[in-house]
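So the chains spell out like this:
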Amino acid sequence: MNPGINPYPDGLFWTMRLPDDSVQVNPGAGRAIYSASEIEIEDYGSLNNAFNGLPGVPATVSFEVHWSGVGERLNVKDPVARFGGEFVRGSAQMAWSAVVGDYTFQSDPLETSSSDFASLGTERNGVFFPRS
Amino acid sequence: MKNVRLRRAVHERRARFASRLSRRRFLQTGAGALAAGAVLGRQLLRPTTAYAAGSDPIPVPGSPILAPFHIWAPIFVDSIDAEPATITNFNGVVGIAYLSGNVTRTNRRTGEVLVKPFVDADMRFMQGVYRGVDGKPRQGTFGFV
Chain E
75 MNPGINPYPD GLFWTMRLPD DSVQVNPGAG RAIYSASEIE IEDYGSLNNA FNGLPGVPAT
135 VSFEVHWSGV GERLNVKDPV ARFGGEFVRG SAQMAWSAVV GDYTFQSDPL ETSSSDFASL
195 GTERNGVFFP RS
Chain P
5 MKNVRLRRAV HERRARFASR LSRRRFLQTG AGALAAGAVL GRQLLRPTTA YAAGSDPIPV
65 PGSPILAPFH IWAPIFVDSI DAEPATITNF NGVVGIAYLS GNVTRTNRRT GEVLVKPFVD
125 ADMRFMQGVY RGVDGKPRQG TFGFV
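Each protein sequence line maps, in turn, to chains E and P. For the first sequence, my numbering assigns the number 75 to the initial residue and increments by one for each residue that follows. For the second sequence, my numbering assigns the number 5 to the initial residue and increments by one for each residue that follows.
Derived by calculation from the structure, the hints in this document are not laboratory data. One or more of the hints may lead you astray.
[What the hints assert, rightly or not] Just a few of them, taken from the derived set where beta-carbon distance is under 7 Å, the chain P residues facing chain E:
no. : residue
1   : 75
2   : 94
3   : 95
4   : 127
[To be verified] Not close to chain E: a few residues of chain P, all C-beta gaps over 10 Å, as computed:
no. : residue
5   : 65
6   : 69
7   : 81
8   : 138
None of these values were measured; they are calculated from a predicted model. Just so it is clear, CB atoms sit at the ideal spot from N, CA and C, and this is done for glycine as well.
Given the sequences, and given the hints that come with them, work out the whole structure.
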């Protein structure tokens, strides 16, 4: 499930505008809450369908993701990709639910989930990437 | 969930692109009118969103490995330090996480219940100032879902 690639294939990738209160973040402390309720996306059934621009099935999804913990701190500057930032590694957990056609999906409680990778930070890219 | 199969799906996607290029060359010979109709028909049937305009953000250039898509996939495809944001001309806070757990799927028609894992679901957000298609600076919040 994702918002699609608009326009396909070289447009905005699985990214959609959300209300500003969808995010509460303190990157220095490694804490953030990212949530949304009943947003409209599409279920493509498989990654291959999504990557090949095949039509999806309308779906609604709600989620809440929590970042916490302060591990390694990194300063990244990539002049080739023209992005840089300061990031904090930590951990994250998520609870989510969705409705797709006849099916409902309800994850186990947030506390039971885990993350293989979680990072928070500040980033500058494109025209905001320092030239020097 | 998305990332576990990302490499394979991208490779298949690139192979299909290569295949389409070959098909285009075939069409230039004038012998593939039916194939042309099939390809165009599929594109016409696919629902699309109007092209970005005004305040819409611009996608990052993205990983060369994932071309033609405009996305970086830290760890799974690109380096751990690869860019997490999906929009460019952006200055703000970013979060990324690969999340796993269990989800219960219920068929509301039949009542069938099935518990399944979700593995490495890629969730990201971006919040801050960005310059969209029209070049004007704006405040915005975006989710990679």
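Beyond 10 Å from every chain E Cβ: check whether that's true for residue 69(P). holds (13 Å)
Verify this label for me: residue 81(P) is non-interface relative to chain E, using a Cβ-Cβ cutoff of 10 Å. holds (13 Å)
Reported absence of residue 138(P) from the contact zone with chain E (all CB gaps over 10 Å): holds (13 Å)
Measuring from the C-beta of residue 95(P) to each C-beta in chain E, is the shortest one below 7 Å? OK, holds: residue 95(P) within 7 Å of chain E, min 4 Å.
Interface-negative label, residue 65(P) against chain E, beta-carbon threshold 10 Å: violated (7 Å)
Mind checking the CB of residue 75(P) against every CB in chain E and telling me if the closest is under 7 Å? At about 4 Å, which falls below the 7 Å cut-off, the nearest Cβ of chain E leaves the hint on residue 75(P) intact, so it holds.
Using the nearest Cβ pair, does residue 127(P) come within less than 7 Å of chain E? Holds: closest Cβ of chain E sits about 5 Å from residue 127(P), inside 7 Å.
Should the hint that residue 94(P) touches chain E count as held when the rule is a Cβ pair under 7 Å? holds (5 Å)
Comparing the model with each earlier hint shows a violation of hint 5 alone; every other hint is respected.
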